[in-house]
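Asks: Starting from the known structure of chain L, arrange chain U on it as the hints suggest.
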Amino acid sequence: MTTLLEVRGLSVAFRDHAEERQLLSDIDFSLGKGEILGLVGESGSGKSLLCRTIVGLMPSSKLHLDAGSVRLDDEEIARLPEAGMLRIRGKKIGMIFQNPTSHLDPVMRIGDQIVEGLRFHRGLGRTEALEEARSILGQVGFPDPARGLKSYAHEFSGGMRQRAMIAIALACDPEILIADEPTTALDVTIQAQILKLLMDLRAMRGLSIILITHDLGVVAQTCDRIAVMRHGRIVEQGEKRQLLANPQAAYTRELIASHPSLPDEEHRPLEHERSHVRPIFEVDDLDVAFPIGGGLFRKRRDFRALKRVSLQIFPGETVGIVGESGSGKSTLARAMLGLTPISAGHATFDGSVLTLEREATLKRLRSEAAMVFQDPFNALNPRFTIGETIAEVLRTQGETPPERIRERVGELLDMVGLERNFAGRKPRSMSGGQCQRAGIARALAVNPRVIIADECVAALDVTIQAQIIDLFRHLAETTGLTLVFIAHDLAIVRNLCERVIVMHHGQIVEEGQCDEIFRSPREDYTAALIAAIPDIDPDRPIGGTAVPAELQPA
Amino acid sequence: MHRFRFILYRPIQFIPVLFGISVITFVLVRLIPGDPARIILGTRASPTALANIRAQYGLDEPMWVQYLFFLKNLGAGEMGRSTLYKIDVLKLIATRIEPTLALVAAAVILSLLIAVPFAALSARRQGRPTDHVVRIVSTAGIGFPPFWLGVMLIILFSVKLGWLPVSGYGNTLGEKIQHLILPGLTIALSLSAVLTRSLRAGMIAGLKSDVATAARARGMPENIVFWRHVVPNALVPTVNLLAINIGWLIGGTVVVESVFAIPGMGQLLVRGIFTRDYMVVQGVAMTFAVATVLINLLADILTVALDPRVDLS
Numbered sequence: 000m001t002t003l004l005e006v007r008g009l010s011v012a013f014r015d016h017a018e019e020r021q022l023l024s025d026i027d028f029s030l031g032k033g034e035i036l037g038l039v040g041e042s043g044s045g046k047s048l049l050c051r052t053i054v055g056l057m058p059s060s061k062l063h064l065d066a067g068s069v070r071l072d073d074e075e076i077a078r079l080p081e082a083g084m085l086r087i088r089g090k091k092i093g094m095i096f097q098n099p100t101s102h103l104d105p106v107m108r109i110g111d112q113i114v115e116g117l118r119f120h121r122g123l124g125r126t127e128a129l130e131e132a133r134s135i136l137g138q139v140g141f142p143d144p145a146r147g148l149k150s151y152a153h154e155f156s157g158g159m160r161q162r163a164m165i166a167i168a169l170a171c172d173p174e175i176l177i178a179d180e181p182t183t184a185l186d187v188t189i190q191a192q193i194l195k196l197l198m199d200l201r202a203m204r205g206l207s208i209i210l211i212t213h214d215l216g217v218v219a220q221t222c223d224r225i226a227v228m229r230h231g232r233i234v235e236q237g238e239k240r241q242l243l244a245n246p247q248a249a250y251t252r253e254l255i256a257s258h259p260s261l262p263d264e265e266h267r268p269l270e271h272e273r274s275h276v277r278p279i280f281e282v283d284d285l286d287v288a289f290p291i292g293g294g295l296f297r298k299r300r301d302f303r304a305l306k307r308v309s310l311q312i313f314p315g316e317t318v319g320i321v322g323e324s325g326s327g328k329s330t331l332a333r334a335m336l337g338l339t340p341i342s343a344g345h346a347t348f349d350g351s352v353l354t355l356e357r358e359a360t361l362k363r364l365r366s367e368a369a370m371v372f373q374d375p376f377n378a379l380n381p382r383f384t385i386g387e388t389i390a391e392v393l394r395t396q397g398e399t400p401p402e403r404i405r406e407r408v409g410e411l412l413d414m415v416g417l418e419r420n421f422a423g424r425k426p427r428s429m430s431g432g433q434c435q436r437a438g439i440a441r442a443l444a445v446n447p448r449v450i451i452a453d454e455c456v457a458a459l460d461v462t463i464q465a466q467i468i469d470l471f472r473h474l475a476e477t478t479g480l481t482l483v484f485i486a487h488d489l490a491i492v493r494n495l496c497e498r499v500i501v502m503h504h505g506q507i508v509e510e511g512q513c514d515e516i517f518r519s520p521r522e523d524y525t526a527a528l529i530a531a532i533p534d535i536d537p538d539r540p541i542g543g544t545a546v547p548a549e550l551q552p553a
Numbered sequence: 000m001h002r003f004r005f006i007l008y009r010p011i012q013f014i015p016v017l018f019g020i021s022v023i024t025f026v027l028v029r030l031i032p033g034d035p036a037r038i039i040l041g042t043r044a045s046p047t048a049l050a051n052i053r054a055q056y057g058l059d060e061p062m063w064v065q066y067l068f069f070l071k072n073l074g075a076g077e078m079g080r081s082t083l084y085k086i087d088v089l090k091l092i093a094t095r096i097e098p099t100l101a102l103v104a105a106a107v108i109l110s111l112l113i114a115v116p117f118a119a120l121s122a123r124r125q126g127r128p129t130d131h132v133v134r135i136v137s138t139a140g141i142g143f144p145p146f147w148l149g150v151m152l153i154i155l156f157s158v159k160l161g162w163l164p165v166s167g168y169g170n171t172l173g174e175k176i177q178h179l180i181l182p183g184l185t186i187a188l189s190l191s192a193v194l195t196r197s198l199r200a201g202m203i204a205g206l207k208s209d210v211a212t213a214a215r216a217r218g219m220p221e222n223i224v225f226w227r228h229v230v231p232n233a234l235v236p237t238v239n240l241l242a243i244n245i246g247w248l249i250g251g252t253v254v255v256e257s258v259f260a261i262p263g264m265g266q267l268l269v270r271g272i273f274t275r276d277y278m279v280v281q282g283v284a285m286t287f288a289v290a291t292v293l294i295n296l297l298a299d300i301l302t303v304a305l306d307p308r309v310d311l312s
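Protein chains in written order, with numbering that gives the first Met the number 0: chain L, 0 to 553; chain U, 0 to 312.
There's no promise every hint is true.
Stated by the list, open to error - In silico EDC-like pairs for lysine to aspartate or glutamate, Cα to Cα no more than 20 Å straight-line:
(1) L:Lys61 - U:Glu221
(2) U:Lys207 - L:Glu81
(3) L:Lys149 - U:Asp310
(4) L:Lys61 - U:Asp209
As the list claims (entries may be wrong) - Label pairs and their computed distance ranges (CB to CB):
(5) L:Arg307 - U:Val26: 53 to 59 Å
(6) L:Arg382 - U:Leu17: 40 to 46 Å
(7) U:Ile141 - L:Pro381: 26 to 32 Å
(8) U:Ile141 - L:Arg382: 26 to 32 Å
(9) L:Glu522 - U:Leu7: 45 to 51 Å
(10) L:Thr395 - U:Trp247: 39 to 45 Å
If you're looking for bench data, these hints aren't it; they were derived computationally from the structure.
Computed from a predicted model, the values in this text were never measured in an experiment.
By construction, the Cβ of each residue, glycine as well, lies at the ideal position given by its N, Cα and C atoms.
Just chain L, same shape as in the assembly (with noise of 0.2 Å):
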């Protein structure tokens, strides 16, 4: 395989008048032509900064590109001025991101960021580069590429704008693209249909890719060649199958050990006794509508999140909410906690009819069910040290003497695993980890007998969300609590829950004890969830298939 592509001692450094930090050291690899090779690591480690260094779009003037060299087809590109650089950003190097919705110009057709690269590079006429950009659009899978290039990106889903923004960077045949997280926001079977298409691409074109992820997984089932980075530096790379069978570097190991996917043989999640119980939720034919639209002259019409849903959730039960975004899982949640109006049917937290006696169920909601986010610093007042926010619940709880309060906090942080000395932090110096253990220690700060957790493991890094998870799995066993894990992660579902809730477009499609569902699933629907879970091992094919299932803009 010849080489495209070669980085040799790359160093990056942040400086300014106060402090130094080395960013990127010593950074080597290289990348043939028409290999995919899988930059793996967690936030923070440099991978996306080692990227945009290669197409010299740091994004700050305190970064500096301190050594190395980067070789593009032979040519020295590392320290290539401006007016050289453009004529391969694009040209030679096309780019695609994790957030598709950001990076698209809202106000700018498709077509238009199609065909400004077109007319750019390649000096294209508008109507030559009109009719080229409709070509692209159909092959990286839009339906009606003609009307896709009129419309705008908000027209679209999540997986149809990483479509266009693919269209938009392999417009002008470059050799290489640099894939930065470009699935981390999309669902998982659309996750798995993008892959397939940039594999599609890649034996198409003779495309060579650099998959930027913090998902092993997601390179296990791409890659050709994988790179471990950590705190800027490469620490292990090699041939996939090599790497993930014999990994040498311990960091390696760990992410491995933290994949979700490899089922968590020493943890089986406990069955429990349900027949004689009284259920803690008890949820019935339960219907959610939110107006939407409507106005002085039109009719309001209703969006049905929930459509008459019904399920159990009994005391000391782990109970995981799976699906993709938008299937009603935390509308259902909410609706379960009175946090949202029911529009029909009923919720009863454990005898108390919340539909019925409203007031006093929601009182005991508030002492008795606590509530952990997806976004731990958003969740978390920034003005409120982590010791004022836990001793705020349970001052209004007014079960705690006052004396008593710095105790219980520290207790609580002792529960969580934070150092007691966190009770003195603001959520702007601690980790996203940290701060939702934090979370955590607020929501038990009530005593609660039902945790709500609603995507809390989404936003960290795998080797943190298996912490967090350890974290939950302790507390359930030691505890007695209940846990309902709303999730669209099914690995994570898997490894800490007994019992699993499938939704779609706000209906239970399917449940049952979890080793039953994911070994033979009943449903088409969850079957296809199930088979497009990035998996660490190498041999199995990505789910899912090359054709969008949502063809049609919104």
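Replies: Quick look at chain U alone, frame taken from chain L:
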């Protein structure tokens, strides 16, 4: 083009707004101390003459009856007779509306002509001396009162340099444009200070945005990234800011028309207040209210045209 459908039924929402404004202006005008009849006839008028005048203009009726007459006349397309000019207020306003509209238009155009280049200069050289100068000037610009600024501009451009007329309005289009530059600039300087700051912030955010990064990543030169991707996105909130400021802008014309002796609505309003010409004050206030509402509708249309995501229907 269903996103523009709101234009059809927005006017119906104007009805309660205008009704409210009519009540407020009607009551406020009558709270001004002073007797219109006495102002018309002078201090030495006989009680009979005063009573006659009051009867002639309906001023002797209770306030709610006066209001009903006002509404009835409004329905018939009349706003009553001016006690000072002795003609129908609507006809009076018709002769005065053009200079004011032209002044507002001149102020908006000039303020954009000032704000866009300065904001662009400032945003693209963020943190450097040019940026600091622009920011200091635009902060100072907010601080200058228009009546002072207007006089200073007259002294500089009309008296010292003799480039532009001191005051008045003119008859031909060329004359009018000449006469509008200084008053337009007076308003535009304060307005552009506000716009520059908002545009600069939007442009700086835009230059750091993912949209700009993506454009750079496909090899677009910085000029294209800025003018084709950053500026259109930064303009959307600026249009709204302009619309919010339109009330302030119309208020500004009142002062500026007085300073530059432009025979517009502002001047008419000031004279109406001094002579307790209730009908004129009401009429002008209503016209300003309608203008504000219509200009906001225009801003909404512009927003929908600039940003395909916005759907007001």
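Asks: If any of the earlier hints don't hold here, list their numbers in rising order.
Replies: Hint check: nothing fails, all pass.
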